[in-house]
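Chains as they are written, first to last, in my numbering: chain A, 1 to 518; chain B, 519 to 915.
These aren't lab readings, by the way, just hints derived from the structure by calculation. Heads up, the beta-carbon is just placed ideally off N, CA and C, and yes, glycines get one too. Careful, some of the hints might be misleading.
[Unchecked claim] Quick partial rundown of chain B residues pointing at chain A, CB under 7 Å, derived from the structure:
1. 546
2. 570
3. 574
4. 617
5. 671
6. 672
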Amino acid sequence: MRFRKHLFHGMVSGPDPDVTGIPLEPNISKNERMLKSVFEACSDVVIHSASTPGQIDMLAIYIAGLPDTKHLDELIFNQFASRSRDLDKPDGMERAVQASFIPVSMTKKVAFLSEAVDSILRGDVVFLFDGVDYGHAVSVQGTERRAIEEPASEPVIRGPREGFVECLQINTGLLRVRLRSASLKIETLSIGTLSQTEIAIAYIKDIAKDELLHDVRHRLRRIRIDGVLESGYIEELITDTPYSPFPQIQNTERPDVVIGSLLEGKVAVITDGSPIALVLPMTFWTGLQASEDYYERSITATPIRWLRILFTSVSLFLPSLYVSLVSYDHPALPTSLLLSIASSQRMSPFPAIIETLLMEITFEALREAGLRLPKGVGSAVTIVGGIVIGQAAVQAGFISAPVVIVVATTGIASFIIPRYNFGLAFRLLRFPLLLLAGFMGFFGLMIGIIGILIHLASLRSFGTPYLYPLAPLSMDGLKDVFIRKAWFGMNLRPRTAAEQNGLRIPPGQRPDSGDRGD
Amino acid sequence: MKRRNTAAAAVIACLLMMTGCWDRKEVKDLAIVTASGLDLNKDGTLTQSVQIVIPTPMQSSGSSSDAKSFFVIAAEGKTLADSRQRLQEKIHLKLYYSHRRVIIIGERMARHGLESVFDSFHREMDMRMRNMVFVAKGAAAESLLNYPVALEAIPADQFKNLHKQPAGRATTIMNFDATAATEGIEPTMGAFEVIQKQASGPSASSTGAEPHIKLYGVGVFKELKLLGFFNDEETRAMNWATKNMAGSFLTVYVPQGNGNVSVQILKSKHGFHPLVKGNRITMGVSVQSECELIENGTKLDFSEPANVKLLNALLSSQLTQSIAATVKKSQRLYKADVFGFGRSVHAAYPSEWKRLSAAWANVYPEVEVTVRAKTSVIGTGYVKLPLHRKETKGDVE
Numbered sequence: 001m002r003f004r005k006h007l008f009h010g011m012v013s014g015p016d017p018d019v020t021g022i023p024l025e026p027n028i029s030k031n032e033r034m035l036k037s038v039f040e041a042c043s044d045v046v047i048h049s050a051s052t053p054g055q056i057d058m059l060a061i062y063i064a065g066l067p068d069t070k071h072l073d074e075l076i077f078n079q080f081a082s083r084s085r086d087l088d089k090p091d092g093m094e095r096a097v098q099a100s101f102i103p104v105s106m107t108k109k110v111a112f113l114s115e116a117v118d119s120i121l122r123g124d125v126v127f128l129f130d131g132v133d134y135g136h137a138v139s140v141q142g143t144e145r146r147a148i149e150e151p152a153s154e155p156v157i158r159g160p161r162e163g164f165v166e167c168l169q170i171n172t173g174l175l176r177v178r179l180r181s182a183s184l185k186i187e188t189l190s191i192g193t194l195s196q197t198e199i200a201i202a203y204i205k206d207i208a209k210d211e212l213l214h215d216v217r218h219r220l221r222r223i224r225i226d227g228v229l230e231s232g233y234i235e236e237l238i239t240d241t242p243y244s245p246f247p248q249i250q251n252t253e254r255p256d257v258v259i260g261s262l263l264e265g266k267v268a269v270i271t272d273g274s275p276i277a278l279v280l281p282m283t284f285w286t287g288l289q290a291s292e293d294y295y296e297r298s299i300t301a302t303p304i305r306w307l308r309i310l311f312t313s314v315s316l317f318l319p320s321l322y323v324s325l326v327s328y329d330h331p332a333l334p335t336s337l338l339l340s341i342a343s344s345q346r347m348s349p350f351p352a353i354i355e356t357l358l359m360e361i362t363f364e365a366l367r368e369a370g371l372r373l374p375k376g377v378g379s380a381v382t383i384v385g386g387i388v389i390g391q392a393a394v395q396a397g398f399i400s401a402p403v404v405i406v407v408a409t410t411g412i413a414s415f416i417i418p419r420y421n422f423g424l425a426f427r428l429l430r431f432p433l434l435l436l437a438g439f440m441g442f443f444g445l446m447i448g449i450i451g452i453l454i455h456l457a458s459l460r461s462f463g464t465p466y467l468y469p470l471a472p473l474s475m476d477g478l479k480d481v482f483i484r485k486a487w488f489g490m491n492l493r494p495r496t497a498a499e500q501n502g503l504r505i506p507p508g509q510r511p512d513s514g515d516r517g518d
Numbered sequence: 519m520k521r522r523n524t525a526a527a528a529v530i531a532c533l534l535m536m537t538g539c540w541d542r543k544e545v546k547d548l549a550i551v552t553a554s555g556l557d558l559n560k561d562g563t564l565t566q567s568v569q570i571v572i573p574t575p576m577q578s579s580g581s582s583s584d585a586k587s588f589f590v591i592a593a594e595g596k597t598l599a600d601s602r603q604r605l606q607e608k609i610h611l612k613l614y615y616s617h618r619r620v621i622i623i624g625e626r627m628a629r630h631g632l633e634s635v636f637d638s639f640h641r642e643m644d645m646r647m648r649n650m651v652f653v654a655k656g657a658a659a660e661s662l663l664n665y666p667v668a669l670e671a672i673p674a675d676q677f678k679n680l681h682k683q684p685a686g687r688a689t690t691i692m693n694f695d696a697t698a699a700t701e702g703i704e705p706t707m708g709a710f711e712v713i714q715k716q717a718s719g720p721s722a723s724s725t726g727a728e729p730h731i732k733l734y735g736v737g738v739f740k741e742l743k744l745l746g747f748f749n750d751e752e753t754r755a756m757n758w759a760t761k762n763m764a765g766s767f768l769t770v771y772v773p774q775g776n777g778n779v780s781v782q783i784l785k786s787k788h789g790f791h792p793l794v795k796g797n798r799i800t801m802g803v804s805v806q807s808e809c810e811l812i813e814n815g816t817k818l819d820f821s822e823p824a825n826v827k828l829l830n831a832l833l834s835s836q837l838t839q840s841i842a843a844t845v846k847k848s849q850r851l852y853k854a855d856v857f858g859f860g861r862s863v864h865a866a867y868p869s870e871w872k873r874l875s876a877a878w879a880n881v882y883p884e885v886e887v888t889v890r891a892k893t894s895v896i897g898t899g900y901v902k903l904p905l906h907r908k909e910t911k912g913d914v915e
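Please take these sequences and the hints and turn them into a complete structure.
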């Protein structure tokens with residue numbers, strides 16, 4: 001046991017040569033040697049040596065492909081060369097550097113070898129001059145980035161079309177554009193001994209609760225991992241109950257969703273390299289809310305919410321309900337329905353539970369196949385699958401027609417859940433419920449439902465009960481659960497937000513309330 | 519701790535699984551009974567017959583409507599349970615009674631008394647108290663179940679739907695039971711008869727010659743024994759006094775116009791007004807209805823208030839007469855208080871009722887009943903005379 005612990009420790013500290021605490025030397029060739037030894041066998045690290053017009057040796061170190069080379073050439077070398085004629089003077093270079101580099105968005109002094117290495121790895125260009133014991137890291141990042149596109153996983157009819165991209169700076173920029181206030185705080189830290197992934201915690205000061213912030217910071221700092229490739233790593237490392245099928249951290253590709261959540265006192269965690277931001281705490285009901293609910297008029301958004309709740313339960317219960325009705329609880333069926341089920345079941349060789357399980361699994365497999373395959377092949381899978389499932393199986397008498405109807409309805413119902421990972425929970429839970437219904441009918445179904453409810457009621461997401469505001473009940477919070485109150489009625493923030501800033505929209509703004517002053 | 523939790527979960531999962539599917543019953547293993555018939559045989563045994571629906575494919579493959587959508591099997595037995603067991607011996611699928619909706623009782627059994635039958639109804643586990651119960655007039659219940667019906671997915675539904683009409687009375691076992699157990703009212707049960715249609719006339723096709731089921735009023739019961747029947751006219755009169763008749767029609771001959779007039783009832787109200795003075799009990803039956811002219815076979819112009827007044831008088835007197843006749847029949851012939859006069863006396867004179875209740879069966883025929891029916895035609899339509907007459911006559915006035 002002890003040995004394994006030790007092994008773990010060795011792994012997370014990472015195999016990088018330890019360069020902390022080594023200062024840069026005034027001697028440029030020494031610095032060059034040190035850097036070369038750090039970047040040994042890194043063929044993508046460019047160490048470009050040149051000399052200034054004043055005959056001082058200089059080095060430009062960067063990683064090929066990360067800085068915008070065109071930018072580098074034009075802005076830096078040209079300007080630098082033209083402005084540094086009097087570099088023989090002791091402070092001449094300092095001034096020259098400042099004059100030439102400051103327009104280039106970001107420069108930073110680096111005094112230590114580790115700092116220089118970090119900057120280089122981050123994509124900066126580090127300039128070192130002979131006779132100076134520090135360098136200048138210039139950010140001219142210009143890697144090819146994906147353009148800002150409409151998020152594929154959360155499309156809307158009405159609402160902003162911008163989605164997050166893989167670059168953290170662009171993402172935080174997208175947030176700041178929507179919230180031009182100094183209260184929007186974005187703290188960064190880097191996680192991953194090897195990947196050094198930058199993670200940003202975004203929140204609104206005095207709206208997000210301090211305890212929540214402490215909790216988030218604490219949990220993030222605790223992470224020891226070699227690399228973070230996606231925010232999913234972070235999610236699983238900080239979530240409250242990782243083995244629950246229900247996600248306790250919302251994820252989104254939409255900056256407007258993030259801002260909406262921040263205004264409710266939530267905290268967002270954005271990971272560099274991933275377009276998916278984490279929003280926490282999450283409740284059960286946020287899993288059923290789409291961003292469009294808040295953009296459409298409340299009178300039409302509310303019934304759509306009901307539809308979603310209805311079909312979410314359909315996606316969870318319909319197959320098991322069917323099985324218990326057909327195998328155990330026939331009295332609960334209308335006679336004519338019983339007769340038509342009986343007539344179509346007569347030919348099928350399997351009991352209802354086997355039929356339904358087979359079809360559900362096949363459907364899930366088809367869905368997964370269609371998702372993972374290249375787009376061209378994916379459609380072929382759907383066509384073949386549709387014919388196999390829909391028609392051939394029924395016509396051959398392997399499967400009775402009502403099962404196909406049930407499975408298809410369930411499938412469509414599960415697509416109505418706006419958050420994909422939330423829908424996954426229902427996809428998964430369908431199967432244990434199906435088995436319970438197959439073994440014990442309605443009785444088993446009830447056992448399953450009660451079990452799920454107990455689990456949901458016991459879940460917490462960063463201190464917020466998962467079923468809040470329904471359990472524990474908060475009447476004011478219900479304005480955004482089963483209904484979406486019109487904006488002039490959303491006066492108070494949810495109680496998950498800090499109390500001193502509870503008022504969100506001052507009351508009395510209803511447009512037809514008569515105090516318009518005319 | 520963790521290991522123990524896992525073990526506990528595994529044990530619970532096993533327990534759930536091990537129950538297996540011991541009482542699983544697939545739909546395809548069921549013979550769905552939608553109606554039963556009960557008949558008393560001459561030797562005292564009874565015959566139970568069940569109508570079993572053949573599940574038809576959901577899409578109607580071709581027009582194979584000739585094929586019966588059900589079949590009937592019957593078995594004798596000493597008791598209902600006994601006959602049930604013998605029925606099950608005749609079919610390989612489990613007879614499934616939970617979806618039964620109609621029970622038909624043969625006339626002989628009904629006259630013999632229904633105590634034992636109802637006792638069984640109360641005890642049977644898959645008995646639904648909302649089952650309709652009917653009596654077969656002059657026929658065996660089994661024969662009623664055998665008649666085919668078109669346009670009905672579940673053949674047994676025809677019985678219920680036929681008796682939903684103004685001249686019928688759809689009674690559930692529950693209602694029949696409750697009425698039979700209530701003081702001051704006797705239960706009735708919807709009745710059917712079989713018409714042996716003569717194949718005559720131009721449309722003497724095969725279907726026309728077949729016997730078919732027809733609604734025949736109600737059977738009048740007393741102490742769970744059938745006493746006799748009210749035909750459909752009498753049943754309608756009874757319903758006038760006890761039910762809301764909105765939607766039904768009334769037709770009256772108008773001698774002044776030398777033709778018939780029909781009205782549709784829009785609203786109807788009914789009430790009993792008992793008056794107890796010592797041993798003299800009078801009962802006022804009031805029926806008020808509002809109706810609308812829907813068919814005018816006379817030459818009268820009903821935009822004239824005088825004509826409407828005439829029509830009102832004719833309708834009221836016809837209604838009064840028919841209700842009074844039916845009341846009289848129940849008093850003289852059956853001595854059975856099917857209207858529930860006793861119940862209204864009980865409600866109005868609770869203290870008097872204590873004295874009257876025991877002998878109500880004897881008192882009832884002596885009750886003086888006055889029927890007051892009042893109809894008012896409130897709509898005569900905008901067409902004063904039939905349209906085609908207008909053209910030939912020119913000016914209507």
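Verification of the hints:
| no. | hint | result |
| --- | --- | --- |
| 1 | 546 | 5 Å, holds |
| 2 | 570 | 11 Å, violated |
| 3 | 574 | 6 Å, holds |
| 4 | 617 | 5 Å, holds |
| 5 | 671 | 5 Å, holds |
| 6 | 672 | 6 Å, holds |
Comparing the model with each numbered hint stated earlier shows that hint 2 is the single one that does not hold.
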